[in-house]
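Protein chains: 2
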Amino acid sequence: MANDSESRIDLELGSWLKEEGKSSEVVISSRIRLARNLSSRPFPNWAQEEALKDIDDEIAEVLLEFGRTGLKRYNLAELNDLEKLTLVEKHLLSRQQSRESGGRSVYLNEEQTISIMSNEEDHLRMQFIAPGEELDTAWQEASSFDDLLDERLDFAFDRKYGYLTACPTNLGTGLRASVMLHLPGLSLAGSIKKLLGSIGKFGLTFRGLYGEGSEAEGSIYQLSNQVTLGRSEEEIIESLESVLGQIKSQEKKTRAEIMAEREAEIKDRIFRALGVLKHAYSLASMESVRLISLLLLGRCYGIIKIEREKLFKLLIKTRPAHLQLLSGGSLPPEERDLKRAEIFRRELAGV
Amino acid sequence: MANDSESRIDLELGSWLKEEGKSSEVVISSRIRLARNLSSRPFPNWAQEEALKDIDDEIAEVLLEFGRTGLKRYNLAELNDLEKLTLVEKHLLSRQQSRESGGRSVYLNEEQTISIMSNEEDHLRMQFIAPGEELDTAWQEASSFDDLLDERLDFAFDRKYGYLTACPTNLGTGLRASVMLHLPGLSLAGSIKKLLGSIGKFGLTFRGLYGEGSEAEGSIYQLSNQVTLGRSEEEIIESLESVLGQIKSQEKKTRAEIMAEREAEIKDRIFRALGVLKHAYSLASMESVRLISLLLLGRCYGIIKIEREKLFKLLIKTRPAHLQLLSGGSLPPEERDLKRAEIFRRELAGV
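Chains as they are written, first to last, in my numbering: chain A, 1 to 351; chain B, 1 to 351.
Be aware that a few hints might be false.
Where chains are identical, the list cannot tell them apart; a pair therefore holds if satisfied intra-copy or between any two copies.
[Unchecked claim] List time: in silico DSBU-like cross-link candidates among lysine-lysine, alpha-carbon distance up to 30 Å:
{"id": "1", "residue 1": "Lys201", "residue 2": "Lys339"}
{"id": "2", "residue 1": "Lys253", "residue 2": "Lys339"}
{"id": "3", "residue 1": "Lys53", "residue 2": "Lys253"}
{"id": "4", "residue 1": "Lys18", "residue 2": "Lys317"}
{"id": "5", "residue 1": "Lys317", "residue 2": "Lys267"}
{"id": "6", "residue 1": "Lys18", "residue 2": "Lys339"}
{"id": "7", "residue 1": "Lys267", "residue 2": "Lys310"}
{"id": "8", "residue 1": "Lys160", "residue 2": "Lys339"}
{"id": "9", "residue 1": "Lys194", "residue 2": "Lys305"}
{"id": "10", "residue 1": "Lys248", "residue 2": "Lys339"}
{"id": "11", "residue 1": "Lys248", "residue 2": "Lys18"}
{"id": "12", "residue 1": "Lys252", "residue 2": "Lys193"}
{"id": "13", "residue 1": "Lys267", "residue 2": "Lys305"}
{"id": "14", "residue 1": "Lys305", "residue 2": "Lys201"}
No lab work stands behind these hints, which were simulated from the structure alone.
Take these sequences, add in the hints, and give me the full structure.
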């Protein structure tokens, strides 16, 4: 890979991951996603290459005009695989979109709090991200941005169904509100499955962000609405916030309980995580997520002294694509594991 | 437990474990044990309390006369359970003898290179220990000590069978020659089982010193002769030395091979062991043996800088009875694990 590619993607943390927001010991970030489509245009999955390109350009023209948001366009055809995967690791590009190339773009602002994909499943997928528990803030931004766009683009809208989308699960508001949660307490107490069972009833979706097992690696989860139709945006957000409130208080209660009841074991897990991260010679990707999660918990308990931002920086910059981009090129998994361990040893030396 | 009991047992390492001997990267120590019985006296298991006491005193009179060896007598009736178990952990008292009390003693010299039990299975079980691969040295000491005793005590000896013993497996020479081995290379290569299979053919016994699984914790093993009858002491020792030579060279070869073929994994295991020992908040007994073993290996590879003596000191003083004696009294297992972790954190802080 050419070296100049390294500079094309900003490898710094987005401000939404860097800054602490409300309840950020449990709620890492809040996110509003809007799905919009242009009327009289075929949905991306049905569109020919020419049509895709036309739509992509029409959107670019409008978005790049919005000087105040400082959006920068990344044409997917011009990004290599590692760069695209880096954006996926930064939670700014969908995995589906990372497999595409021509006629599709992603737009980012400098703070990385706005990510807009063109010609993903819908013509426009716009995400607005805020640190901590700030769904309202994210919604305000999304809504006013959407209003601006609405003046310039002709969105496919139906009086009865609302915004039309490629997949019926997004019909209506086109809204997906989500929060990224860190739930090590519930995870250590073995209560995630129970939680999962009770969430379905509220029309919400709960899934792990890392790993593929039944329990998410690092206890990092995403909670989002499933229903987009028949309810207003505000109702959807309120319903999510109400369940979130419950999860938050359960997580906090559980953290206190497990420390009271299993102090030696919990401290041992946290300090061993530090010991392994500080000394390992080889570290697999998912293991490091699991260990960082324990350090984050140790930080919340006040028994590990380390900045939250540093842990998130380490989390993101040791993901496979980041690691390779930072090393200047493609690396086989075993070498990535050595590189990853080296980074942790260096960065945690003083902890 | 009374505090004065702490001073009754020397908790320092014996010189045979403190000093480095020949090939001590593989052969931790060499040991000669002689079983002897007084003629016209019942074997300990058949003897009444009075007879046991008589025998014990007769032996004491002779042994304590040997000023030059500086033997100190510990009457088992006067040691508490923790003190007896401490001697077991120091490899100076048999587990069987630690369960006994009246009419039985153990004699130790200051360097802890001589341990003599009275009224164990036989009237006399005398052990002579040397650091490293030094069976000859240990045998010379044992032999000259045995000659001295022979002048003062009437040993049960038969022209045809040699020295008579309580159990026929010790008949003849009454000799058990053994070496304590550290075999992390063969263990990591999965070759212990194969080795075990081939050793039986030579009339030798091979067993793990720690743990109860099929693979010994910490890869610490004892190799000893099984046959005591029909061969001279020198023949028994030579045969053991010859097999030992093979194991030693296999272990060394394997250490080099695994480092060449599995460098990242081996280094990772060793450095993680250090990380866990330096940071754990709770450490089980057998886990700490396993981890120290890896540090010893790391020391041999030259990738961990730590004195060998310090590692053996930590190994012995974190065994359950030592730990409790050092803490001033009986502790439940969970508290021992916390105490053990605390010792490792403190002692390894600078490594």
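For this session: Against the structure, test the hints numbered earlier, and report the numbers of the ones violated in rising order.
Result: 1, 3, 8, 9, 10, 14
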